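Undergrad: If you read the protein sequences in the order shown, they are chains A and B.
What the first sequence shows, in numbering that gives the first Met the number 0, is residues 0 to 228, in sequence order.
What the second sequence shows, in numbering that gives the first Met the number 0, is residues 0 to 248, in sequence order.
For the record, the hints were derived by calculation from the structure and aren't laboratory data.
What you are looking at is a predicted structure, and each value in this text was computed from that prediction instead of being measured.
Careful: at least some of the hints might be erroneous.
As the list claims (entries may be wrong) - Simulated pairs of lysine-lysine, DSS-like, Cα-Cα distance not exceeding 27 Å: (1) K223(B) - K124(A); (2) K192(B) - K107(B); (3) K205(A) - K184(B); (4) K191(A) - K184(B); (5) K107(B) - K194(B); (6) K194(B) - K234(B); (7) K184(B) - K220(A); (8) K191(B) - K224(A); (9) K184(B) - K224(A); (10) K7(A) - K205(A); (11) K18(B) - K119(A); (12) K177(A) - K150(A); (13) K28(B) - K107(B); (14) K167(B) - K207(A); (15) K10(A) - K93(B); (16) K150(A) - K207(A); (17) K184(B) - K215(A); (18) K220(A) - K25(A); (19) K93(B) - K205(A); (20) K191(A) - K234(B); (21) K167(B) - K8(B); (22) K124(A) - K177(A); (23) K28(B) - K223(B); (24) K167(B) - K194(B); (25) K7(A) - K177(A); (26) K119(A) - K177(A); (27) K124(A) - K18(B); (28) K119(A) - K28(B); (29) K234(B) - K171(A); (30) K179(A) - K207(A).
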Amino acid sequence: MSLLLEIKSLKSWYGASQALFDVNMKIESGQVVALLGRNGMGKSTTINSICGLMHRYEGEINFNDLSLVGQPSYKIAQSGIGLVPEGRRAFSNLTVLENLTATARDGEWILENIYELFPKLEERKSQRASSLSGGEQQMLVIGRALMTNPKLLILDEATEGLSPTIRIEIWKVIETLKSKDISILIIDKSLKQLLDLADKFYIIEKGKTIWNGIAKDLTSKIAQKYLGV
Amino acid sequence: MNNNILNIKNLSKSFGAFKVTDDIAIDLKFNEIHALIGPNGAGKSTLIKQIVGSVKHDIGSIILDQEDITDLTDIERAKIGISRTFQVSSVIPKFSALENIILSLLEKNQKTFQLFQNLQSNKDLFSKAERILIEIELDNQSNTLASELSHGDRRKLEVGLALAMNPKVFLFDEPMAGLDEAGTKMMINLFKKIKSQSPILLIEHDMDAVFALADRISVIVYGKIVATGTVEEIKSNTLVHDVYLGYEV
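Could you put together the complete structure from these sequences and hints?
TA: So this is what it looks like as structure tokens:
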């Protein structure tokens, strides 16, 4: 395995208030890494910093031998990071097909693969994204990110607000992606599923990564202390 | 005496040939949490929109506290006591958590905030808002702009806005979405406490929360209510397993 993403001493601010103080993380190619922490501890801010969506941040973010700090978000996307943001955020006025192709890049993931993964998207390819159900929109946003053929897929609360049956479906898709050796950084509140899936875990508290390890080291004592589980 | 605060009968709405709600009958009793579950796209949020009046239904009637509100506008319905939260957060991003709550309290009281007039009333307003922030465990984020709150904390704030409206019924649309384990526990305890003040119609996909909270559960599929019952009745309903739960409980 080779090092894909390395974050060192990351600090970020919203206006004058500092949200991240010292975030450190490594993701190897083909790994699934889970970022855990309670609400408001800095998980999404870390992702926003990786994707160039923060106005002010400093530290080192190296991706595939490229420094991402200070790069505009579109360049970061072009370098191979696909984001599935929390709250879905499909392009609501575009059709399913337009959503999938608007930001597509050459690679293994083409429309046929996405339709195979999510047959409902093919059924609804001419519908506007705004007319889709929540579960279908989530599938669309995952499909849209895969169509950019990312080297790293970031899933921020991808199962949030989904019915149990759709959640089961989305977890199966994530397992399929893992079996294809796609590198994934994932935030999700379902610790049970993450324990079965992720190769490595980072816990973030008050803007600092304070623990990392593998599933068997993530004891109930640690989960209770840092995650309130 | 009728022990329902909300009575909905024969409610239907179509978009073209597509029926989003189909002859819905659902009620909410005093002191009750009635959960509405169903697959994504089943019509749950559309039903909430019809209850608050932001989507007009084609036929049917809605009775709130023995008053027929079927022909009232969404603003009129809000004034007489229907308060909802949204699936996607709708707080005012440039205002602090405290200011968001104060605005909601002012809206309830139909007042304009005047800093140098009626100081005592403003003090009351602040202390009410602070009490609500304590209830939703956001008191340590009182001066944080809503745009800088985490996703989960914005969801809490949204419930705070509904509390400030002190409505006759609460309509909560996925209030647990984005909350961590501790936040969900807090919300469960809060809902248990406030249901005696105003009953709750709850849309939620977190089934642990639904099973912990609901006095009754209704299941909606393709715009139709297919089952209503207690937690145990719904847990043992095979149709509900097939169309929604997808796993044994």
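Undergrad: Confirm or reject each hint.
TA: Evaluation of the provided hints:
{"no.": "1", "hint": "K223(B) - K124(A)", "result": "holds, 26 Å"}
{"no.": "2", "hint": "K192(B) - K107(B)", "result": "holds, 21 Å"}
{"no.": "3", "hint": "K205(A) - K184(B)", "result": "holds, 21 Å"}
{"no.": "4", "hint": "K191(A) - K184(B)", "result": "holds, 17 Å"}
{"no.": "5", "hint": "K107(B) - K194(B)", "result": "holds, 19 Å"}
{"no.": "6", "hint": "K194(B) - K234(B)", "result": "holds, 23 Å"}
{"no.": "7", "hint": "K184(B) - K220(A)", "result": "holds, 18 Å"}
{"no.": "8", "hint": "K191(B) - K224(A)", "result": "holds, 26 Å"}
{"no.": "9", "hint": "K184(B) - K224(A)", "result": "holds, 15 Å"}
{"no.": "10", "hint": "K7(A) - K205(A)", "result": "holds, 16 Å"}
{"no.": "11", "hint": "K18(B) - K119(A)", "result": "holds, 19 Å"}
{"no.": "12", "hint": "K177(A) - K150(A)", "result": "holds, 12 Å"}
{"no.": "13", "hint": "K28(B) - K107(B)", "result": "holds, 23 Å"}
{"no.": "14", "hint": "K167(B) - K207(A)", "result": "violated, 43 Å"}
{"no.": "15", "hint": "K10(A) - K93(B)", "result": "holds, 23 Å"}
{"no.": "16", "hint": "K150(A) - K207(A)", "result": "holds, 25 Å"}
{"no.": "17", "hint": "K184(B) - K215(A)", "result": "holds, 26 Å"}
{"no.": "18", "hint": "K220(A) - K25(A)", "result": "holds, 24 Å"}
{"no.": "19", "hint": "K93(B) - K205(A)", "result": "holds, 23 Å"}
{"no.": "20", "hint": "K191(A) - K234(B)", "result": "holds, 21 Å"}
{"no.": "21", "hint": "K167(B) - K8(B)", "result": "holds, 19 Å"}
{"no.": "22", "hint": "K124(A) - K177(A)", "result": "holds, 26 Å"}
{"no.": "23", "hint": "K28(B) - K223(B)", "result": "holds, 20 Å"}
{"no.": "24", "hint": "K167(B) - K194(B)", "result": "holds, 10 Å"}
{"no.": "25", "hint": "K7(A) - K177(A)", "result": "holds, 25 Å"}
{"no.": "26", "hint": "K119(A) - K177(A)", "result": "holds, 22 Å"}
{"no.": "27", "hint": "K124(A) - K18(B)", "result": "holds, 21 Å"}
{"no.": "28", "hint": "K119(A) - K28(B)", "result": "violated, 38 Å"}
{"no.": "29", "hint": "K234(B) - K171(A)", "result": "holds, 24 Å"}
{"no.": "30", "hint": "K179(A) - K207(A)", "result": "violated, 31 Å"}
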